[in-house]
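As you go down the protein sequences, you meet chains U and H in turn.
Under the working numbering, think of the first position of the first sequence as 1, with each following residue one higher.
Under the working numbering, think of the first position of the second sequence as 1001, with each following residue one higher.
Calculated from the structure, these hints are not laboratory results.
Just so you know, these numbers come straight off a predicted model, no measurement behind them.
The beta-carbon is built from N, C-alpha and C at its ideal position, and this holds for glycine as well.
Among the hints, a few may not be true.
What the hints assert, rightly or not - Sample of chain U residues with no beta-carbon within 10 Å of chain H, all distances over it, derived:
{"id": "1", "residue": "S43"}
{"id": "2", "residue": "A47"}
{"id": "3", "residue": "P67"}
{"id": "4", "residue": "F109"}
{"id": "5", "residue": "R117"}
{"id": "6", "residue": "S121"}
{"id": "7", "residue": "R126"}
{"id": "8", "residue": "K143"}
{"id": "9", "residue": "I168"}
Unchecked claim - The list that follows gives simulated cross-link-like pairs (lysine-lysine, PhoX-like), each with its CA atoms no further than 20 Å apart:
{"id": "10", "chain 1": "H", "residue 1": "K1089", "chain 2": "H", "residue 2": "K1120"}
{"id": "11", "chain 1": "U", "residue 1": "K150", "chain 2": "U", "residue 2": "K114"}
{"id": "12", "chain 1": "H", "residue 1": "K1258", "chain 2": "U", "residue 2": "K32"}
{"id": "13", "chain 1": "H", "residue 1": "K1089", "chain 2": "H", "residue 2": "K1106"}
{"id": "14", "chain 1": "H", "residue 1": "K1258", "chain 2": "H", "residue 2": "K1241"}
{"id": "15", "chain 1": "U", "residue 1": "K56", "chain 2": "H", "residue 2": "K1258"}
The primary structure of each chain is shown beneath.
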Amino acid sequence: MISQKETRTNSSEQSIADNQTLLQHFNLSQNKSLQTLETTAESIDVADDTASDFFKTVLSSVTPSAPLDVVVVYRDIDLSDMPHCSQCDSRPVRLRHFGRKPRDRPARFQHQFKVFREMHSARDFRLVFCADVFDCMVMDGLKTLERIVKAEEAMGGLGYLLQEPLVIFERRTLRTRYIDQNAGCSRSRAISATAL
Amino acid sequence: MPIACPSGPSPISQLPQEVLEAIISFFVYDTRSLLACSTTCRSWYIAAAPQLHHSLTIDADPTYPSDRNHPWPRPLERSYELGLLPLVKRFQIRMGIANDAGFNPKWLAEPNLRYFSALKNLQELGIDYFRVSDFMPTIQQCFGHFSPTLRFPALKQPMGSCQQILYFIGLFPNLQDLRLHYPFPRDEEEGSVDTTLIPLFVPPLRGRLTLTCFTRVKLLEDMVTFFGGLRFRHMDLFRVKCVRLLLDECRESLETLKLYPSDPYSE
């Protein structure tokens, strides 16, 4: 029978081996100009428990003296169950997320904040929250992110950061414009949805 | 009650055209306002038109009935007739699935090539299922007119040997960004090596590299060989087989790296 101690040792050895494999691919110690590491909120969710180890290993290889931004990109669906804009036709945004199920948002954010905290144990960085949303949704997306970050700050959940977190946005525009209608592309707005 | 008429022309009509263009360019995200501006007067139309007609996307997905009503090359032809193609900076040909054999030379048979050649100021070119191999060896005749302006080719599942794809990339001396997207990782068969197929130019490629489900290591190795290394400043890599090669090659230039923890070993 394998003892608990042996199991722990095997697990630890496996973890070291995994980290070494990861470093073979993502050792950034030679990339001296690196200023920003980007990822997506969705991939953190999908990676689940492995996200922290992944980033800790990658971050530990980044030159320690250089300042680093970690940008976490939130798409429309990451911020709202039913992304829509009251000002205009919301069809493209809905189409874009067709078939995706709304998720348990508070639990997801808690998981993400836990990952950020563990990442920071490997290396200092400035945390940047980026709302990467459809153009008409920019203000809504930005406000939602700001509200979430402020709530976490109020609970002291970001106290470990040496620099104030930033909330920014990336305006995602229609990839097709007026010319499409002129040219007879009647499905232009739907095209935009798939093109985003 | 009589309405008082302004004593003279509005001060805004006195603005130099370039200032007007700078102001109207702030509406780049607001198509309705751009449309309103374009119908105000001639100088406002001239300022708004480049923003309005910046992008043209042609969807050639045979599974959509609406696309069957506007088959290729009708949208391109219509834009040509309206004289709008020189205003287009971004042109995309999208296919939901590989339409017959993909984008091949038949798509650019005359008069379509004439319309295509009117895209004289194109900066971004997106083509799905681009059969590069079928355009050889006369690919320059179809795409060479993009040479002075093209900055960013975005290719979804380009088909052809690494050498042929590299030759296509090397047609454009001013490329900064490159996107190669494959729906899933796959091993491509390489044909025999053609020693005459040397890229015509060495593009700077100092912008963003986006690779998705990319397994064609030889293409990157050839880029290193023929272009004298890689110098991308930004990279977005998802399920890429040769991350190490890219990080090593761009060790001096890389400023931004986008990674996905859900793809820990990039394979």
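To see whether the hints hold, each was checked on the structure:
1. S43: 4 Å, violated
2. A47: The claim is violated: A47 of chain U sits with its nearest Cβ about 4 Å from chain H, within 10 Å.
3. P67: Non-interface label on P67 of chain U holds, nearest chain H Cβ at 12 Å vs cutoff 10 Å.
4. F109: Its Cβ never comes within 10 Å of chain H, the nearest being 16 Å, so this holds.
5. R117: About 15 Å separates R117 of chain U from the closest Cβ of chain H, which puts it past 10 Å; holds.
6. S121: 16 Å, holds
7. R126: 14 Å, holds
8. K143: Since the minimum Cβ distance to chain H is about 18 Å, K143 of chain U lies beyond 10 Å and the statement holds.
9. I168: Since the minimum Cβ distance to chain H is about 14 Å, I168 of chain U lies beyond 10 Å and the statement holds.
10. H:K1089 <-> H:K1120: Given that 20 Å is the threshold and the Cα spacing comes to 9 Å, the pair holds.
11. U:K150 <-> U:K114: 16 Å, holds
12. H:K1258 <-> U:K32: OK: K1258 of chain H and K32 of chain U at ~16 Å, within 20 Å.
13. H:K1089 <-> H:K1106: 24 Å, violated
14. H:K1258 <-> H:K1241: 15 Å, holds
15. U:K56 <-> H:K1258: 15 Å, holds
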